[in-house]
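Take the two lone chains and join them into the complex the hints point to.
Here the protein sequences come in this chain order: A and B. According to the numbering used here, the first sequence is numbered sequentially starting from 140. According to the numbering used here, the second sequence is numbered sequentially starting from 236.
Treat the hints loosely; a few may be bogus.
BS3-like, lysine-lysine: derived pairs with alpha carbons at most 25 Å apart [stated by the list, open to error]: (1) B/Lys347 to B/Lys273; (2) B/Lys347 to B/Lys238; (3) A/Lys196 to B/Lys305; (4) B/Lys273 to B/Lys305; (5) B/Lys305 to B/Lys347; (6) B/Lys238 to A/Lys196.
FYI, nobody ran anything at the bench for these hints, they're computed from the structure.
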Amino acid sequence: EAQVTQNPRYLITVTGKKLTVTCSQNMNHEYMSWYRQDPGLGLRQIYYSMNVEVTDKGDVPEGYKVSRKEKRNFPLILESPSPNQTSLYFCASRTGGRGYTFGSGTRLTVV
Amino acid sequence: AQKVTQAQTEISVVEKEDVTLDCVYETRDTTYYLFWYKQPPSGELVFLIRRNSFDEQNEISGRYSWNFQKSTSSFNFTITASQVVDSAVYFCALSEGLMYSGGGADGLTFGKGTHLIIQP
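Same shape as in the complex, but just chain B (with noise of 0.2 Å):
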């Protein structure tokens, strides 16, 4: 079964600093894609990027870059010079191609998620 681990519970910078949340996964299957989502304060859940099995590329928006590793099956979100307005909770998410499904459930499997604080 797919599996999401985001060891880091918690971390706390100080603004301007550059983090990186880690993001580990499990699947058997060859096709899937990999989700980050943010859930600022208020609650709703902001998709940031969603990257399929067969594009490697590292992807870079604004201040926010993706590093995606087949060969160590992460997925890791770095935020440069981060501001205030990006504290909130990150989670990272992997939705299989369905060639294992089996008899599985249909959707995405997600970690439990980084509460990132930004300190002033």
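Isolated chain A (complex conformation) (with noise of 0.2 Å):
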């Protein structure tokens, strides 16, 4: 099945604390990203790659970091996570065609 995982779903941490929240697709895609989500915001794009070695900065980078090694994986690491980084947090691929598809979401709550 065509899919975008991440691990964990569910992760409660400390300030300060780096964590790493883990996307692998089994699509071959190019393309990834990674979103956050946040009452009256919607989703806000954090980080994308184009393709491996290749990421870029989305309209909200700060406090994070990724890497994009081999294709199918682009883990997101936050090396100190602050209180105000409590989110959902989603991954995405996406094919040429602009078809998204998208993680089953990691709700982060750091405390």
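Encoded structure:
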């Protein structure tokens, strides 16, 4: 089944403790991206990647890092999480025809 | 830069009523894609439809229909004979064809969402 897999689904952590949210797709898509969703703000793009070793900032990149060492994986790294990064996170991959596939989401709470 | 506006923050209707969710977009590109997603209380994003800017035909899928009007930059979504299971947050989104992407981000621009409540 074609899918984007995010892990974990839920995560509670403490301020300053580094964490990684993993994202993997099995569709051989070149494009992948990360979004965060906050009440009243909709979804906003954090980072995106057009291909292996090519990443670029989205609209809200501050406090996040990404890497794209393999086509299938696009992890989101929070080196020093803060409470304002408490949010619902989605990973997505995309076909050339703008067909997006989203992961199931990761609900992150930073206390 | 591109922008998507969903002016209705929350709509509440009684089951079996028809309801229309509005979406207005802004883009400088002549090639772009418009989307609707449903987010039920469980939180996942459910894809509903994708239209490209060259296809202005309206679409109907069961109780769902979409009205795309380039002249008013709108892509409205109507649910006919609403049901309680339609209760969710609905997002409209835009993806540009990158003619004018310049230094901007490449991806989906979402509206803030409309929370639809269907009362039994």
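Now the hints, each set against the structure:
Annotation: proposed proximity of lysine 347 of chain B to lysine 273 of chain B holds, straight-line Cα distance about 12 Å (limit 25 Å). The suggested pairing of lysine 347 of chain B with lysine 238 of chain B holds, with an alpha-carbon distance near 11 Å, which does not exceed 25 Å. At roughly 30 Å between alpha-carbon atoms, lysine 196 of chain A and lysine 305 of chain B are farther apart than 25 Å, so this suggested pair is violated. Restraint check for lysine 273 of chain B and lysine 305 of chain B: satisfied, since their Cα atoms lie roughly 23 Å apart, inside the 25 Å limit.
Proposed proximity of lysine 305 of chain B and lysine 347 of chain B is supported: the alpha carbons are some 21 Å apart, at most 25 Å. Using a Cα cut-off of 25 Å, the hinted pair lysine 238 of chain B and lysine 196 of chain A holds, with the two alpha carbons roughly 18 Å apart.
In terms of the numbered hints stated before, the structure departs from hint 3 and from no other.
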